[in-house]
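Position in the sequence shown counted from 1, then plus 70, gives you our numbering.
Hints in this document: simulated from the structure, not taken from any laboratory.
Quick caveat, the model's predicted, so the values are computed rather than measured.
Virtual Cβ for every residue (Gly too), placed ideally from N, Cα, C.
Watch out, some of these pointers could steer you wrong.
Said to hold, decoys possible - Ranges of calculated distance between the beta carbons of each label pair, as one might list FRET restraints: (1) S116 - T82: 17 to 27 Å; (2) G286 - A193: 26 to 36 Å; (3) A142 - E250: 34 to 44 Å; (4) G194 - D130: 26 to 36 Å; (5) D230 - T72: 17 to 27 Å.
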Amino acid sequence: MTIRVLLADDQTLVRAAFAMLVDSAPGMEVVGQAGTGRSAVDLARSARADLVVMDIRMPDLDGIEATRLLAADEDLAGVKVLMLTTYDTDEHVVDALRAGASGFLVKDTRPAELLDAIRTVAAGESLLSPGPTSRLIARVLRAPDTAGLTATGGPEGLSDRERQVLALVARGLNNTEIAETLGLSPLTAKTHVSRIMGKLGARDRAQLVIVAYETGVVAPGSRFGGGRR
71 MTIRVLLADD QTLVRAAFAM LVDSAPGMEV VGQAGTGRSA VDLARSARAD
121 LVVMDIRMPD LDGIEATRLL AADEDLAGVK VLMLTTYDTD EHVVDALRAG
171 ASGFLVKDTR PAELLDAIRT VAAGESLLSP GPTSRLIARV LRAPDTAGLT
221 ATGGPEGLSD RERQVLALVA RGLNNTEIAE TLGLSPLTAK THVSRIMGKL
271 GARDRAQLVI VAYETGVVAP GSRFGGGRR
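Whole structure, please, built from the sequences with the hints as guidance.
Written out as structure tokens, the structure reads:
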């Protein structure tokens, strides 16, 4: 099936470059381009997009508020949002995840990684860019209110294999990369992640990452893997 992609960014040249990249990839097509968050929400409805590549910072309605509107609309329940950020200057990644984004990438990511991210998120997986993940965790653990991202359980009930998988999730690896690292099939890796989320009472991958750090499964400052270089 073709992934119908909507591009939302206030920079025309950035949208044009992304459009050329996405349209050149097999199994993808650009069905719309939006320069504001509000037009992104409108186009997601009219163009029947499967996924929105959304810049956080946009005029009229920023990417976080646009994502929140998309997530709240029952008619758009199947639309995924992949958030793009410059992160070094952007303080809103946590808010984006809380708003309903399925993941985020830094804007200077390699073209192949962007296409992989689109496929990953469109398939129903969450994705956290390895570079910003370490900063995200440091920031969230310092925050006085992490209620929106904290899971309800700890890793005590996890098997050794599940703890390995949790550590790799915390380092930013997607299911395919976890499978390759541990010598598993992608389906088995995905099953492990789903079971871990169930055991820990985690809503999404962002919560798994935070649990891994809060409980010492992964130490702050450890080297992040993931993301094909």
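Tested hints:
1. S116 - T82: 17 to 27 Å: Check passed, 20 Å falls within 17 to 27 Å.
2. G286 - A193: 26 to 36 Å: 31 Å, holds
3. A142 - E250: 34 to 44 Å: 36 Å, holds
4. G194 - D130: 26 to 36 Å: 30 Å, holds
5. D230 - T72: 17 to 27 Å: Given range 17 to 27 Å: violated, Cβ gap about 40 Å.
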